[in-house]
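K.L.:
What follows is the residue order along each chain.
There are 2 protein chains.
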Amino acid sequence: MVNINTPFTADASALRLPQPYLLFLGDTTEAGFAKTAYGLRDWAPDKCTGEYALPEATVSTGLPALTPAEAHARGARSLLIGVANSGGVIPAIWVSALIEALEAGLDIVSGMHVRLADVPGLAAIAGKLGRQLIDVRHPPAGLTVGTGRKRTGKRLLTVGTDCALGKKYTALAVSQALVARGLDADFRASGQTGIMIAGGGIPMDAVVSDFEAGAAELLSPDAAPDHWDVVEGQGSLFHPAYAAVSLGLLHGSQPDVIIVCHQPGRTIMLGSDSYALPSLEETIDLNLRLGARTNPAIRCAGLSFNTSHLGEEEAIAVMAEESRRLGLPVADPIRGGDQFARLIDSCLA
Amino acid sequence: MVNINTPFTADASALRLPQPYLLFLGDTTEAGFAKTAYGLRDWAPDKCTGEYALPEATVSTGLPALTPAEAHARGARSLLIGVANSGGVIPAIWVSALIEALEAGLDIVSGMHVRLADVPGLAAIAGKLGRQLIDVRHPPAGLTVGTGRKRTGKRLLTVGTDCALGKKYTALAVSQALVARGLDADFRASGQTGIMIAGGGIPMDAVVSDFEAGAAELLSPDAAPDHWDVVEGQGSLFHPAYAAVSLGLLHGSQPDVIIVCHQPGRTIMLGSDSYALPSLEETIDLNLRLGARTNPAIRCAGLSFNTSHLGEEEAIAVMAEESRRLGLPVADPIRGGDQFARLIDSCLA
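In order, the protein sequence lines correspond to chains A and B. Going left to right, the first sequence walks through residues 1 to 349 as the working numbering numbers them. Going left to right, the second sequence walks through residues 1 to 349 as the working numbering numbers them.
Think of the hints as simulated: they come from the structure by calculation, not from any bench. For clarity, every value in this text was computed on a predicted model and none was experimentally measured. A few of these clues could be false.
Same chains, same label: a pair holds when it works inside one copy or across any pair of copies.
[As the list claims (entries may be wrong)] Here are the simulated SDA-like pairs of lysine to any residue, each with C-alpha atoms no more than 25 Å apart in a straight line:
#, residue 1, residue 2
1, K150, G121
2, K150, L270
3, K150, D118
4, K128, A292
5, K35, S60
6, K150, D273
Please work from the sequences and hints to get the whole structure.
P.N.:
Pasting the structure below:
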């Protein structure tokens, strides 16, 4: 492995997206497909100037409807494709709107599978106008292998019993809570939606394995001693498909603190029916054991439960019971309250 | 992670190289740069028809010197670049020899950093002649995420306390020993030199992280119940740069048996001066714990020591002492002998 040099030569840095955004809704008629736009409205309202939709669209974020030219005049710097469709493709009916955005002075940001540069004609027009086409699913060039060197500043990583149960949400809520307490904190995004919200980051699951820890090192660089990087976790060390992503991110992030994310009642790993979810104790223990390799001082501050499927009383009872059993704070960041305040206290202890 | 689809659409399979090879030595004058050619001569002599070198070269493998046309007449199917240089580039002085090989009916196989298709003119000539340009550093297209599904057949994976201490060598020696005992066994290559020796495989460190376990699943597919796949390990779960590669390979290989590879006396991780080597006990324990996720029956058959830097007596004493201490066979496959026979017995126990 040490003989494998990077195929890139440029110095790498995390992606940086031009903000604020004009959210593009295409011709979408199903609210479910506009998840990205809603997420940006909810988590980064100050970075969203307005929305732009084709006449066929019926969904709306409730933000002001603006043309690309109007949005640019109000400070927008990119058109962000805020919708998905089942194929992850860019339909021909969207293309004239994308060109209109480029001509209005906006870059284009996309999380679709297809690369913007592969949309016929788009790259030529962007090149002529000096505009950027940014695909957030694709990692930056110039990534290298990790060094394991201890970096300055403090780091928190959200980890999980499984995929898709609140690691991004928890990291966003924790970074907001730290800032609300007057601390210097940044959310560090490791997946495409998080990258759009943060305005930058690295899509860790798309990074070549040999560079996975190195990319994580780049994602949370040296910082002031009292600065917190709150890193969005990915996957699970227990997932038979994605553990490599989780371990590279854990090693490279060298977190001082982890929060274990879980959805009470989930018993089977997502997409892998024959795999049981690990216990919370196992999840804490394995993350601490592996994380100690690059940060011997790693500790678990508590747990974040996604209780959106439970009623208020039941959710509170489940969290209280697990908190008592494990001797750690357990909170649902969406519900907030005293439990969440205790979880933040524990992060800072 | 589960929302990230593969950017590829074709069905994937491991790389397959056209054999036998004509080993190309370029204009090499330093034996150290011809390591790949020597490795092929030593490990795959039946797959090497001869060697071909420019007049400037002073190194030789001792195999017959053949022109591409002569080699093709004797059955060779590809020219394999058997040398490296510090930049990993293909010098202009080599190009006419590569073209000569294409014209003689040989494909070209390379492990250089630069892609063969990026050598000016080469792709056009290969296309015209219907010849293949194969870069073994680059994974096959069509890789997908792992499933964790239990596969048929038996699997052995070599793992290590560190990089570059004999995982490939051990896997080759073990697969040869199994065949010598009349068993049905295949060496499964996960790095470029191993791929050239085996005539196929997947360069696991170049695979996108999300597909790492899936690629390992593809590398050792379903097989007959008594068939052994002996999988070449990569890196170390304890390496701060490469553990993601090691874990994806461990999960996807779902080995029944591991052999822990080590170099006695090595105390510091390669390329990471501030990281101490893990103990043998820790290495066995962590590999078994993580490997049990996809194969609960995983066990450690013993250890393979690289003792090339020690005298015979000292090597034997070190291995005997560690074998006693750990209660497991310890052998150096290069030295072979009773110790190695006991290690193979233990694999089959």
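K.L.:
Could you run down the list of hints and mark each one as holding or not?
P.N.:
Each hint, compared with the structure:
no. : hint          : in the structure
1   : K150 <-> G121 : neither (46 Å within a copy, 46 Å between copies)
2   : K150 <-> L270 : between (34 Å within a copy, 17 Å between copies)
3   : K150 <-> D118 : neither (40 Å within a copy, 38 Å between copies)
4   : K128 <-> A292 : neither (50 Å within a copy, 55 Å between copies)
5   : K35 <-> S60   : within (11 Å within a copy, 62 Å between copies)
6   : K150 <-> D273 : between (38 Å within a copy, 12 Å between copies)
Hints 1, 3, 4, counting from the list given before, are not met by this structure.
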